[in-house]
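*Asks:* Full structure from sequences and hints, please.
There are 4 protein chains.
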Amino acid sequence: MAMKNELIQLFQETRINSLQICKHLAIEDYGLQPVEFVSPPKWHLGHTTWFFEAFFLSRKEGYTEYHPDFSFVFNSYYESLGQKILRSERGNLSRPTVQNVLEYRKYVDEHVANYLQEKELTDKEIKIIETGIHHEKQHQELLYTDIKYSLGTQALKPIYDEKFKETIQQEPLQWLSVEKGLYSVGHADEGFCYDNETPQHQVYLNDFFISSRLVSNAEYIEFIEDGGYQNVLLWHAEAWDWLQNNNISFPLYWQKEEGEYYSYQLSGYQQIEAHSPVTHISYYEAFAFAQWKKMRLPTEFEWEVACKKFNYGARWEWTESAYQPYPGYQKAEGALGEYNGKFMVNQKVLRGHSIVTSPQHSRPTYRNFFHPHLRWQFTGIRLAK
Amino acid sequence: MAMKNELIQLFQETRINSLQICKHLAIEDYGLQPVEFVSPPKWHLGHTTWFFEAFFLSRKEGYTEYHPDFSFVFNSYYESLGQKILRSERGNLSRPTVQNVLEYRKYVDEHVANYLQEKELTDKEIKIIETGIHHEKQHQELLYTDIKYSLGTQALKPIYDEKFKETIQQEPLQWLSVEKGLYSVGHADEGFCYDNETPQHQVYLNDFFISSRLVSNAEYIEFIEDGGYQNVLLWHAEAWDWLQNNNISFPLYWQKEEGEYYSYQLSGYQQIEAHSPVTHISYYEAFAFAQWKKMRLPTEFEWEVACKKFNYGARWEWTESAYQPYPGYQKAEGALGEYNGKFMVNQKVLRGHSIVTSPQHSRPTYRNFFHPHLRWQFTGIRLAK
Amino acid sequence: MAMKNELIQLFQETRINSLQICKHLAIEDYGLQPVEFVSPPKWHLGHTTWFFEAFFLSRKEGYTEYHPDFSFVFNSYYESLGQKILRSERGNLSRPTVQNVLEYRKYVDEHVANYLQEKELTDKEIKIIETGIHHEKQHQELLYTDIKYSLGTQALKPIYDEKFKETIQQEPLQWLSVEKGLYSVGHADEGFCYDNETPQHQVYLNDFFISSRLVSNAEYIEFIEDGGYQNVLLWHAEAWDWLQNNNISFPLYWQKEEGEYYSYQLSGYQQIEAHSPVTHISYYEAFAFAQWKKMRLPTEFEWEVACKKFNYGARWEWTESAYQPYPGYQKAEGALGEYNGKFMVNQKVLRGHSIVTSPQHSRPTYRNFFHPHLRWQFTGIRLAK
Amino acid sequence: MAMKNELIQLFQETRINSLQICKHLAIEDYGLQPVEFVSPPKWHLGHTTWFFEAFFLSRKEGYTEYHPDFSFVFNSYYESLGQKILRSERGNLSRPTVQNVLEYRKYVDEHVANYLQEKELTDKEIKIIETGIHHEKQHQELLYTDIKYSLGTQALKPIYDEKFKETIQQEPLQWLSVEKGLYSVGHADEGFCYDNETPQHQVYLNDFFISSRLVSNAEYIEFIEDGGYQNVLLWHAEAWDWLQNNNISFPLYWQKEEGEYYSYQLSGYQQIEAHSPVTHISYYEAFAFAQWKKMRLPTEFEWEVACKKFNYGARWEWTESAYQPYPGYQKAEGALGEYNGKFMVNQKVLRGHSIVTSPQHSRPTYRNFFHPHLRWQFTGIRLAK
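One line per chain: the protein sequences are A, B, C and D, in this order.
When we follow the UniProt record's numbering, the leftmost residue of the first sequence carries the number 1, and every step to the right adds one.
When we follow the UniProt record's numbering, the leftmost residue of the second sequence carries the number 1, and every step to the right adds one.
When we follow the UniProt record's numbering, the leftmost residue of the third sequence carries the number 1, and every step to the right adds one.
When we follow the UniProt record's numbering, the leftmost residue of the fourth sequence carries the number 1, and every step to the right adds one.
Source of the hints: derived by calculation from the structure; they are not laboratory data.
Accuracy of the hints is not assured; some may be wrong.
One copy or two, it doesn't matter: identical chains are merged, so the pair holds either way.
To be verified - Simulated crosslink set (DSS-like; lysine-lysine; CA at most 27 Å straight-line): (1) K385 <-> K342; (2) K342 <-> K293; (3) K294 <-> K331; (4) K124 <-> K342.
Small disclaimer: the values here were computed from a predicted structure and weren't measured.
*Replies:* Here you go:
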């Protein structure tokens, strides 16, 4: 019983938290989609609600869908659950309005809460609700990063929240050593995890050193000023094309004015803080920086084995590891099987979490993943050698 | 004095009317830009305001710009007036909010009205205010067509105004004849006109017949059902590529369901009315239809010479004429010279006006122009032979 | 009978001439297609042959097609004559080899010549042979311009023919005047013409002046050095985008090295000759130059009426006229009707001819047409005012 | 001395072999580049020659470059060695002609051979010559695959060599088992290897089974006919988009006619042989096939450990492993460092070799790599479980 009450409480807190993140927004901000990889806040609010409707409520007898077209509008990428609008069209929907979406949330929340309170839950039902909660926590992080992109790339650079602090104090650098040997990696305990963290398995690691802190803005500025963005030998071939085609010579949101570096942050446009970790860099930039330092990025397993020795959580940390299935990986049956497995190509693993990751939504075994050129997450660099 | 009062009244009516058109919208609708050629309603409201600020108020001593960034945001295509946001970015601006833009309108309206009331106006000043008014009337038509596009292409196809009637009753077809000879075309009287309507000049026309009414939906459905969209010999080469690349086999907004034709209209999605003029067709489609009928479109001069013999104003009427300067055409000096002349290539002239054209914003000499593939205006077909 | 012998002789001369043009080429040159609008020399040789096969021989009893796949390979744009390779694929065909194509030419030439010699010819047959001959003469010009493009854009800039002289001496400038009035334009005499030159009809022209010679390289260099390519007010809106997107600041084939202007010519890369006509400019550039001079381009009818007063034939001369059907224009029935009419949109008329136009392939009424941004023809500028 | 003679002999055999591969071609075939990832045979012949010139001869005193522009033309991707033509432009070069390139080869061959015979060679020099030889062997494989693509996608589907046999007999399927444990992988012996095969290191593997033979055409046809290409749950998200955008429902070169499967092979267009290995499939297809079989692809290390138990060499075998650096990997200094390391992102490793791989150009540790959607190599599928 305790557990059931905890589940209900976690459900309700999570649902409220998504609304808290949006409370700084104007109605007009809810519909923005300046690039395809960003979704409008309104869409996140609707999609996370649809997730509970599609995977849970709609399978219960007697449940009436809130609106017949919402599945079309709020499905993200579950190809097996029917037609859906093109991802690039999300920003072109003025309807449902923000008010409608809030009502949709209320309707679904009440139905889920009632069901949870009134019924015996099967293990499978608990699993689905848990997945829905964790899914929403992932979208809470995307709410922050998508809002930052949508506001920060506008002409007027509007402030999200003056009090939102992105910078972080870091301790002096130490090199932490790990000895070669066989290690267990992957998730094993009772708590929630995604399928991509399993099964636990053994890997052999060589001796290595890993940095106790992230690369700072000051260090990254050295790289810039040493011509790092112009030295082809530091970059992957695809990275070099990406730099040229997009005219890139700074991290995302950065500008240089009269010799000083500035960036857009959620609290507004401001000067770069030298000692805070460099942020909003792609894997390509992380790799090139490491090359320039004559070091390298850790693999995801080196990171996982070493992570108890250092503080993390300021920025998602790019690793050298491609996102691939663990030995013996089994994806879930049916539509939920589309959650992770189908993205296991052409992406890089990031470990840790960031200041906009939901609390409770991080584990030493957690595997985040993005294409190597993407930068709108709060990403950073930890070096190894 | 009378004239000055009229100018003030016209200014104020025009400014109010733009707001009237928008009163059916939700806040969320004001920011939509589903394709590059459509602009958000909010942008139209801001841009028409900026026009008065940039070309009139900002040249007056003592005037303080409402906001330093609004010129960047609300300039449309005046390359000579400084930097501006990319056209495709208009939909990515949540700020200024709708409320801000309404305040901006109020600020500019008051300053213009005060100036008009208090000062002696030069001819040049009157000309600029008149141009600003006519410019805004053009944007009022774009408000209708852009709103239609932005709502009508959404998944939920929201209604703009249930009472808005697009269909038109037409009288039976008659063939009106015009005799060959030399005719004067172009604008000559005292009233307002654009530079592209001048100078008046002579053209020689052969004998021709022109239809007393527009092609109806029923006639166009015959063309569709006779395989018109599949018969390559009816189409221009570029038209044929356009059909194939965009999978086009109907006018814009049309769908066929179980043998019946439907379309989105400002009053909602509904069945096609057989006798109303076919609407939302490109020049390419108008031309192919005429070929299929073994007739042709009139030239813009045939249209102008014949127009007093028939009713027009339901739809903009595609002509066979390319948009080119009249003999002796002089474009205005400076930024206003960018208004018309720089578009005189690769476009076709449309004559008349449509049900969403602002009253007073039409003349027999008025030359509208669009690229031959565009369809989101209220366009129609009048045949000649 | 005389006439029939003349036809046979004209046929044979024309067929031989195409081969003469190619005699300077290496085998490797025959297959080049560096951009979609250019075709490989081998393709021109095959296509002009296919034209006689498809429109003439294949309609004769007892004729055996040379190769069942050649229609697929050598059809250009006759949508009504069956499937064809994509235009952009012409350069990807190494087979048929050059040798095969020469044999194909021989086979078709013999069959046509035999038929012409042995049979009574109907008027329609004569018309088709004539059209085929004129069609091939058009392709002879394209052979020159496509070869120039294909060689001149290569890294090694190979010479086509050292003796080929592109430059032209011009006499001093005079302004020739034409009086206003009604004039007849279009083709009327017995000789061959294309359907787009008919019917002859009347146009009214205002008084105008037209230049006795073309704009020279020296004059155009003045325009360049006065910042013509950077002054937005001189350009059409689409022209301005074209300049920016393609980084254009010179005519095609030009380069500036240490203050001097050079260009690739068929006789090799060399310094610009100041007094020769500027060449390889687009309509957009011709228009902008005229704006800068505070003059204009003539219309095609002004040109046609005035042309007996000046020398022409060095360069195709851009006119201000869009390519449109004449009043009463009827396109030919069937596939031949695809020859001209279907291109009558979004193109500009050029008049006269150029140094690479086939002899006998020009008339005062001849209407050439190209999209306004294209420059690989030998185009030039004649001013009017 | 023996070793030096062997090196000279290997150099000469290798150089001759490239010409042998091309002896079936017409001159016109040497210049083909139908898609960007394919290079013309002439370019391969020039580029492999340039490699010896740029990395070896040009660093010797007294050597005169064959032609000042050939470096621009024949450099492939060595950004640090100066300007080069765009990859997509290789097919637009008719000059140098085939004859010129053969003379270039002769010139360089003589200079290299003379140097090798006359001088004491340093270890570094031997290493460079060896690398040049292995580099040319890689291009010999590309000659086959690029020629196949360039001929097989033409309208006339010309035969390369009637006697060239692509099909392979395979023995019945057995499942070979490997026990879990720590294994050494990577290159360690004295022979030549690329930097990406080093350093040798330890990996831990679980128990697994691997198939003794490749998946056959008959098995793959079952997958096709069971709707494999239409079942979204079998595919990666990016693979699904790739299928839709490119209309893919067969391996490359396949067509279905009246219920039978055909493909283009180097000996011509012909019916599929049921028992031969399926070929020209992408990683995406290999993965989806394995999903459908409820099995998986081996990792590159499973493959390397197991490979002595089975026959390989008919087709390159896709593995599940992303192409990444080995622990402790050091790329070579300078331009040669661009050889492998800069491609270590977004690609998948293939192991083994294929029927068009040069003899001596395969090792159990050899790591080939391609983007997951590419199919023009002779690729195949070996299953694991």
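*Asks:* Which hint numbers doesn't this structure obey?
*Replies:* none
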